[in-house]
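Enquirer: The listed protein sequences correspond, in order, to chains A and B. 435 is the number that this note's numbering gives to position 305 of the first sequence; each next residue is one higher, with no gaps. 304 is the number that this note's numbering gives to position 289 of the second sequence; each next residue is one higher, with no gaps.
Simulated from the structure, these hints should not be mistaken for laboratory data. Don't take each hint at face value.
Below 25 Å or equal to it, Euclidean Cα-Cα: the simulated SDA-like pairs (lysine to any residue) are [said to hold, decoys possible]:
#, chain 1, residue 1, chain 2, residue 2
1, A, Lys401, B, Val59
2, A, Lys275, B, Val255
3, B, Lys107, A, Thr430
4, A, Lys401, B, Gly134
5, A, Lys275, B, Gly261
6, A, Lys401, B, Leu73
7, B, Lys107, A, Ala424
8, A, Lys401, B, Thr131
9, A, Lys513, A, Leu176
10, B, Lys42, B, Glu183
11, B, Lys107, A, Tyr353
12, A, Lys401, B, Gly81
13, A, Lys275, B, Phe257
14, B, Lys107, A, Gln417
15, A, Lys275, B, Ala267
16, B, Lys107, A, Glu428
17, A, Lys401, B, Met135
18, B, Lys107, A, Ile426
19, A, Lys513, B, Leu277
20, A, Lys401, B, Val124
21, B, Lys107, A, Ile419
22, B, Lys42, A, Asn571
23, A, Lys275, B, Asn260
24, A, Lys401, B, Leu125
25, B, Lys107, A, Thr355
26, B, Lys107, A, Asn425
27, A, Lys401, B, Thr85
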Amino acid sequence: MSHSPSISLEGLNPEKFTLGARAGSLVGRFLVVGIVGLAVAAALGLTGDQGDLSRFLHAYTTVYVYFTSIALGALFFVLINHVTSAGWSVTTRRIAELVTGAFPLLALLSLPLIIAALMGTAEIYPWANPDGGLVPEGVAHLVHKKAGFLNAKFFAARMVLYFVIWIAMAAWFKSRSLAQDLSGDPAITNLFKKRSAPMIPVFALTLTFFALDLLMSLDPVWYSTIFGVYYFAGGFLCFMALLGILAKKFGAEDGILSGFIRDEHYHDIGKLTFAFVMFWGYIAFSQYILIWYANIPEETAWYHEREGLFWGHVGVLFLLKFLVPFVGLISRHMKRHPQRLVIFGGWVMVMHFYDMFFLGMPSHLNTLHYLEAQAGPATEAGKAWHHAAESFASMPFGIMELACLIGIGGLFVAAVAKSFASHSILAVRDPRLPESMTFHNP
Amino acid sequence: MEQQEAKALGLLAEYETPQALMAAAEKVRDGGYKRWDTHTPFPVHGIDDAMGIQPTILPWIVLGAGATGTLTALLLQWYTNGVDYPFLISGKPLFSWVPAFPVTFELTVLFAGITTLLGMLALNRLPRLHNPLFDVKRFARATQDRFFLALDATDPLFEDSSARALLEGSGATAVEDVPDVPTNENIPSWMWQVAIVLVFATFVPLGLIAASYNSTSTTPPFHIVGDMDWQESYRYGEEVPFFDNGQAMRGALPGTVAVGELEEDDAFYRGMDDMGNWLAVAPVEVSKSVLERGRERYNIYCLPCHGESGNGKGIVHERALALDTSGWLIPRDLTMDSIVTQPDGQIYDTITNGFNYDAETGTGNMAPYAAQIRPEDRWAIVLYVRALQRAANASIEDVPADKRSAL
Chain A
131 MSHSPSISLE GLNPEKFTLG ARAGSLVGRF LVVGIVGLAV AAALGLTGDQ
181 GDLSRFLHAY TTVYVYFTSI ALGALFFVLI NHVTSAGWSV TTRRIAELVT
231 GAFPLLALLS LPLIIAALMG TAEIYPWANP DGGLVPEGVA HLVHKKAGFL
281 NAKFFAARMV LYFVIWIAMA AWFKSRSLAQ DLSGDPAITN LFKKRSAPMI
331 PVFALTLTFF ALDLLMSLDP VWYSTIFGVY YFAGGFLCFM ALLGILAKKF
381 GAEDGILSGF IRDEHYHDIG KLTFAFVMFW GYIAFSQYIL IWYANIPEET
431 AWYHEREGLF WGHVGVLFLL KFLVPFVGLI SRHMKRHPQR LVIFGGWVMV
481 MHFYDMFFLG MPSHLNTLHY LEAQAGPATE AGKAWHHAAE SFASMPFGIM
531 ELACLIGIGG LFVAAVAKSF ASHSILAVRD PRLPESMTFH NP
Chain B
16 MEQQEAKALG LLAEYETPQA LMAAAEKVRD GGYKRWDTHT PFPVHGIDDA
66 MGIQPTILPW IVLGAGATGT LTALLLQWYT NGVDYPFLIS GKPLFSWVPA
116 FPVTFELTVL FAGITTLLGM LALNRLPRLH NPLFDVKRFA RATQDRFFLA
166 LDATDPLFED SSARALLEGS GATAVEDVPD VPTNENIPSW MWQVAIVLVF
216 ATFVPLGLIA ASYNSTSTTP PFHIVGDMDW QESYRYGEEV PFFDNGQAMR
266 GALPGTVAVG ELEEDDAFYR GMDDMGNWLA VAPVEVSKSV LERGRERYNI
316 YCLPCHGESG NGKGIVHERA LALDTSGWLI PRDLTMDSIV TQPDGQIYDT
366 ITNGFNYDAE TGTGNMAPYA AQIRPEDRWA IVLYVRALQR AANASIEDVP
416 ADKRSAL
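Starting from the given sequences, assemble the full structure and let the hints guide the process.
Expert: Here it is in structure tokens:
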């Protein structure tokens, strides 16, 4: 049409879209930063004061599920674009494919949690050692009843299964898509479309059980049937925010994808970000209102722990993670403006971390309270636990949390950068590339 | 021919492809024309830019409508249940953001959605019963396989020869006048009649509602959807096989206390001090309003047996004697010495737990009133009983000096 692309799509060379050293130089640096961060966190956790092991494991879990949710969001982005035969997203889809390259690293990083479960570390997983006294007396029998599912060996087996599935899915899409860069074979696109549909339920189930295993089981008595969706909504939202930021980075005037990522792409990324801000808010609110209304002790306790402490109120989370980006991104002009999209993307990524923090860390305080009760509040040991709880509650984001964030975050960035360094970040011979270059939002 | 041109409402140009139309639109746009439009069988992406159409103000109208919906919902819920007719539901606050949120969301979306539709119609000046373009025969293909550009003669720049030249030079396969055919744009009278009938018909259900609202009936209500009236839920006290103890209602978990129900204040809740001795004096403030409250509660719960003055000759007692009921245990005279000398805490305990009462058989002198009377009211009754005792055992010295002559 009249807006024909100024760039010729004939004979695009994948080499031209490979970041090479520009991303490769990050790998080594972030690898060092990550390893140092994790070493500091692990040293603090294993040799520190009373309660530091629990704090390390909780902080580690919180940061770990945060970065895993981003990789899962990227995988879902690939799946959903293939199953819907989306044309608009082609120039951004490779970015998602490359982010899923972090799955092998994430599988490796799950080892400390699997080992903790296998060693029966009740400080993080009360169900791993049901007689460890970290379960309230009146409900201990419930934890025993759940032992068929919540036991260390099955937990370890499930974790292995999740990562085998995710790594296989991500690797298949990535390798086939890279092969298409050379062959330009449209049959590959058709195969993507065909295979992605049955993969979506598999993805949904593995993600749900992953969220239940790592986050919900921190309190083995509490349950929410919407929990998996909650984790998914936040994860995909966070990935869309990241995609907006990366799209701006690569699509800017001097970027490698300049001309390939247009205002129309920012608009669509903005729309999906906005939609999932809504979706996360909807799911989070649905979970909250049911528990609020029913007011059943074993359900409300979970929110009570989160509201009564340093978190203020769950309303703060709604305000920051839902209302602010909702109002901010509602306008078409905000979505089409890359700089503003990046600002809200950064905000959403920080808020998603706050959300994961909200889910994970209060369990650490619970553990300290149980340990205090177990030792007897009047005893020396009990007082030490009490002191640990008070010092945590007064400053919940400390060196431990920071070290875990830098550690896992550093390794995650290194893994993603490595993925970006060696592959083209544009699917140069995707049959829908021309469509992605010319489409218009109505 | 000249006659026809003088009456033309504008010019209509036909194109074979959307690309041709788009190119022509750009020319007309650059020519500075304002009053013109394009007609295509399907949405053509990018035509807005080609026509130079400015962004619509509709989003702002929708934003305003959405905000109106938000405020309407919040005000409605806050005023109806929080202020005008406070109605406690499941012990929840009369107004809270949490249950208000879904309705607020729905009304926001509803207002915004309806405004989007109506605003779009209004800004496009729709619905329109007749368009002069319909009088051009070839225009029928606008819904099939042709693309049209219509230039309005009322455009300030419109001048027949130059406009015609512009369109003919823009790749049009045909350029034609839009004739000014006189048409009756009035709405046909039968439409009015139907509309009037429909408007009146809407009053029928309202009238029926008003009629039944102001009448009484012995037949049960008509249930359109019965699931609010016949719920599949267990009633309090009903037996169910699902739970171990067979009760439908679930008690607190063993070893737990609901928030705010710990009752750890022994003095207030049990009338005892730390050592387990009865409190000599009630742990509540003594004031006229508390005594009045005590009198009211006493007259409701105690008077039937103990009598208005506390002398133990209440109406139930008198009736029992009249019926010669064997086994009737005579209520105590609350003003007698053995009770006057009791500490406040003990009287409180009697109200709470009864007197010589056997919970197993449900028999005894007096049943416990803990379930009926709240702790603060029990203390108010204790204070009122003290007042009755003082009145019953008063001497002339208790009466203020200036009022003694009245007796």
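Enquirer: All hints are to be evaluated individually against the structure, with a verdict given for each.
Expert: Structure-based check of each hint:
no.: 1; hint: Lys401/A with Val59/B; result: 22 Å, holds
no.: 2; hint: Lys275/A with Val255/B; result: 22 Å, holds
no.: 3; hint: Lys107/B with Thr430/A; result: 14 Å, holds
no.: 4; hint: Lys401/A with Gly134/B; result: 23 Å, holds
no.: 5; hint: Lys275/A with Gly261/B; result: 21 Å, holds
no.: 6; hint: Lys401/A with Leu73/B; result: 19 Å, holds
no.: 7; hint: Lys107/B with Ala424/A; result: 10 Å, holds
no.: 8; hint: Lys401/A with Thr131/B; result: 18 Å, holds
no.: 9; hint: Lys513/A with Leu176/A; result: 21 Å, holds
no.: 10; hint: Lys42/B with Glu183/B; result: 11 Å, holds
no.: 11; hint: Lys107/B with Tyr353/A; result: 23 Å, holds
no.: 12; hint: Lys401/A with Gly81/B; result: 19 Å, holds
no.: 13; hint: Lys275/A with Phe257/B; result: 17 Å, holds
no.: 14; hint: Lys107/B with Gln417/A; result: 18 Å, holds
no.: 15; hint: Lys275/A with Ala267/B; result: 20 Å, holds
no.: 16; hint: Lys107/B with Glu428/A; result: 18 Å, holds
no.: 17; hint: Lys401/A with Met135/B; result: 22 Å, holds
no.: 18; hint: Lys107/B with Ile426/A; result: 13 Å, holds
no.: 19; hint: Lys513/A with Leu277/B; result: 24 Å, holds
no.: 20; hint: Lys401/A with Val124/B; result: 17 Å, holds
no.: 21; hint: Lys107/B with Ile419/A; result: 12 Å, holds
no.: 22; hint: Lys42/B with Asn571/A; result: 23 Å, holds
no.: 23; hint: Lys275/A with Asn260/B; result: 19 Å, holds
no.: 24; hint: Lys401/A with Leu125/B; result: 21 Å, holds
no.: 25; hint: Lys107/B with Thr355/A; result: 24 Å, holds
no.: 26; hint: Lys107/B with Asn425/A; result: 10 Å, holds
no.: 27; hint: Lys401/A with Thr85/B; result: 22 Å, holds
When each numbered hint is compared with the structure, no violation occurs for any of them.
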